[in-house]
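J.: Going down the list, the protein sequences come from chains A and B. Oh and the first sequence: position 9 is 9 in this note's numbering, straight run, nothing missing. Oh and the second sequence: position 159 is 159 in this note's numbering, straight run, nothing missing.
No wet-lab data here; the hints were simulated from the structure. Being a predicted model, the structure only gives us computed values, none of them experimental. Be a bit skeptical, because a hint or two may be false.
[Said to hold, decoys possible] Partner residues are not named here, just some residues of chain B that face chain A (Cβ under 7 Å, in silico):
(1) A112
(2) T116
(3) R119
(4) T127
Just so you know, even glycine gets a beta-carbon here, dropped at the ideal spot from N, CA and C.
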Amino acid sequence: MIEIENVKKSFGSLTVLDGVSLSVNTGEVVSIIGGSGSGKSTLLMCINGLEAIQGGRILVDGVEVHAAGTDLNKLRQKIGIVFQQWNAFPHLTVLENVTLAPRKVLKMSRAEADAIAVRQLEHVGLGDKLKAFPGKLSGGQQQRMAIARALAMSPKYMLFDEVTSALDPQLVGEVLDTMRLLAKEGMTMIVVTHEMGFAREVSDRVAFFKSGKIHEIGSPQQIFESPQTPETRAFLNSVL
Amino acid sequence: MFQTAFSLNDLWFMAQGAGWTLLITAIAMVGGTVLGLVFGVTRAVLPGWTTLPLGFFLDIFRSVPLLIQLILANSFIPILGFRASPFAVSCIVLALYTSSYCSEIVRGGVQAVPQTTRRAARSLGMTWWQDMTEIVYPMALRVMLPSWIGLTLGVMKDTALVGWIGVIELLKSSQILITRMQNEPLFILIIAGVIYFLISFPISRLGARLESRFREND
């Protein structure tokens, strides 16, 4: 379970997260929607300790992420994250991209890591691209590779940071399909997204972010069909 | 009809000089690259102000003409009570000189690796060191290689200056022959030039091949 308690985060004088609280249960899919610069992506970075926080705390399975003694490298093994820019390792083949962390971090043998990587890459529909270099793949394929790369670490949680925003429209579908599949398999997911249709269909809960706060949170039906606040309504009107 | 006093023995003499040129280049490049990696990574990862003294030290080696560095080192090392042959002095000075350029190449290469890619590596649970060795170095290498090959060629030609402190490398051996034969300086310099070219050409070709191999994957 991920527990976010009154988290505050600022870059200099700019407050990005202004007291965010959110609990995500195992098996739950929570989508975070909201305008650009509302702090959605920053929250994900804070959850796996890529960003420091200035107040509150975040617990992942009871371990406080930003506590002094926390082994972040160990904690990150159970939190997969996929970024807007897929961040492929360009000097490694698709297969090597996926096997690198299992081999180096989990100390798997090459054969073990290969077996897992092949399974994950087939899972995301890249079974025929094992030997290709990322530069030869489309954006959508690279993004699916990034998902497989995170999944190869057998994470308990998956964080998705606007993973379709940088993709050509015709490539968005294939990535969303992969995420749908994951949700169906019961993966715990926090999804920052601008894909309202996807958020509505896949999420257990949807949170609307505004000015560094969760402005409104509820079931997809509630948020999309009967938003409680004018701000949520205004945002949805602007994107739907 | 073209006539020359230049003999096979003289060619052999120049070849030996070329051997020294190659040896000094190799030592300078190995030493300079190792030091350059250490200095360059240090400057790339530590906050700017902490590495100011190092930056200043390296600036000296880049700013003062190599010839002056060689002569000063060759004079001061004995004054300080150390014994070093001109060959050793040449290797030390050239290695430091090389490291000052190499550190900039390394720094540029490391900083060219996108922060987002490094974040992705760390987000997978990789340590800082694993990120450096598995992601940053291999990616930076592709950026650094062309400049590093250029540096190698430059250093190889710069070794011509060590003749001033008494190492008989290729150019110095040519000068000795010119002094002896008096009337054939151009012919001998052409031979020296050809030998320099024969050393450089394979290095630059190798660099070009490695580059195109890297590019295939991008």
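J.: To test your reading of the hints: which numbers does this structure violate?
T.: 1
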